[in-house]
Amino acid sequence: MKFDFKNCSEEALWKYVASHLNKKGIDTVLVGGAVVSIYTKGAYKSGDLDFITTNLFVDDLPEAMAEIGFKKTSKRHYEHPECPHLFVEFPPGPIGIGEELNIEPDVMNVKGAAIKILSPTDSVKDRLASYIHFQDRDGLDQALLIAKSQPIKLDAVLKWCEREGAIDAFEEFKQGLEPYSK
Amino acid sequence: MLVEIFGNKTAAMVMLYLYHYGEAYPTGLAKDMGITLSQVQKQMDKFDQAGLLVSKKSGTVRIYQFNPKSPVARKVKELVKIFYDGMGIEEREKLFQVRRRPRRKGKPVIGRSQ
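Chains as they are written, first to last, in the numbering used here: chain A, 475 to 656; chain B, 901 to 1014.
Worth flagging that the hints you see were computed from the coordinates, not collected in a lab. It is possible that part of the hints are untrue.
Said to hold, decoys possible - With a straight-line Cα cutoff of 25 Å, these simulated DSS-like cross-link-like pairs (lysine-lysine) come out:
id: 1; chain 1: B; residue 1: 981; chain 2: B; residue 2: 1005
id: 2; chain 1: A; residue 1: 515; chain 2: A; residue 2: 476
id: 3; chain 1: A; residue 1: 549; chain 2: B; residue 2: 977
id: 4; chain 1: B; residue 1: 994; chain 2: B; residue 2: 957
id: 5; chain 1: A; residue 1: 627; chain 2: A; residue 2: 498
id: 6; chain 1: A; residue 1: 627; chain 2: B; residue 2: 969
id: 7; chain 1: A; residue 1: 549; chain 2: B; residue 2: 956
id: 8; chain 1: B; residue 1: 969; chain 2: A; residue 2: 549
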């Protein structure tokens, strides 16, 4: 069945692109705003999909993306002519959130391909990192959206905030969750 | 040695400048360090592509800083710090003559460029 690029969601496009790349031997992890979109079932609209490749050297990415109709439009962006509402980006790796480098993504099996996505807890940390380091309040809002939609490990978020020297950000995040924890 | 690690003098200068000032815009950096703007832009673009730097627009100017979210950028910054700390105060004053921190409007500057 042909993939519906015109009307696809972030989740559908992630599964389609990641499973294709996986079959080509290119291992990716979905990070960034699209993860928020997926975990909140579309309550947040991202507009792009950020894939980090876990392979250190990937030479044939443009060819692999071209096979599914994506054209390279800048050093790390890819666009599909039938998919104007979503583009794909490959930010440089490795995956890291502040001081944390050993990130264990969640794995999903899609038609025999193991595709990876930041866990809800790590996605909360990732969004809080934007709030902490760029004073981006959207980051805090997105972290809250995830935590309201998915089970997260609050202790792990606390420890991470402590390591980042951002206990105030954790307190603000926790306060934002309070109306939903009763 | 910093030049050898980063591959060229412009790259090393960009790193030291960012470490000293915390942020930079290409025109200012090029002028302060006596490097051509195109060299600076090319180098900052490379660091941006590598995820070491992030940038944001402020009016018509693009301002760069080390990527605080990246663990790799943090380690690179630590590496730059070793060389920065190894410079003498006189060398630093000579290299980073321009004051870039916030300053009350109209306050005179003695012995430095504004």
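Inset, instruction - Would you check the hint for residue 627 of chain A and residue 498 of chain A, treating anything up to 25 Å between C-alpha atoms as holding? - result: Distance ~34 Å between residue 627 of chain A and residue 498 of chain A Cα, so the pair is violated.
Inset, instruction - For the pair we were handed, residue 627 of chain A and residue 969 of chain B, check the Cα-Cα distance against 25 Å. - result: Distance ~21 Å between residue 627 of chain A and residue 969 of chain B Cα, so the pair holds.
Legend entry - Given pair status - residue 977 of chain B, residue 549 of chain A, alpha carbons within 25 Å: holds (24 Å)
Inset, instruction - Measure nothing beyond the straight line between the CA atoms of residue 549 of chain A and residue 956 of chain B; if it is 25 Å or shorter, mark the hint as holding. - result: holds (18 Å)
Inset, instruction - With a cut-off of 25 Å on the C-alpha distance, tell me whether residue 981 of chain B and residue 1005 of chain B pass. - result: Answer violated: residue 981 of chain B to residue 1005 of chain B is near 31 Å, above 25 Å.
Legend entry - Pair hint residue 515 of chain A and residue 476 of chain A, alpha-carbon separation not exceeding 25 Å: holds (23 Å)
Legend entry - Pairwise hint evaluation, residue 549 of chain A against residue 969 of chain B, where the allowed Cα distance is 25 Å at most: holds (21 Å)
Legend entry - Pair hint outcome, residue 994 of chain B versus residue 957 of chain B [Cα-Cα no greater than 25 Å]: violated (29 Å)
The structure does not agree with the numbered hints 1, 4, 5 stated previously, though it agrees with the rest.
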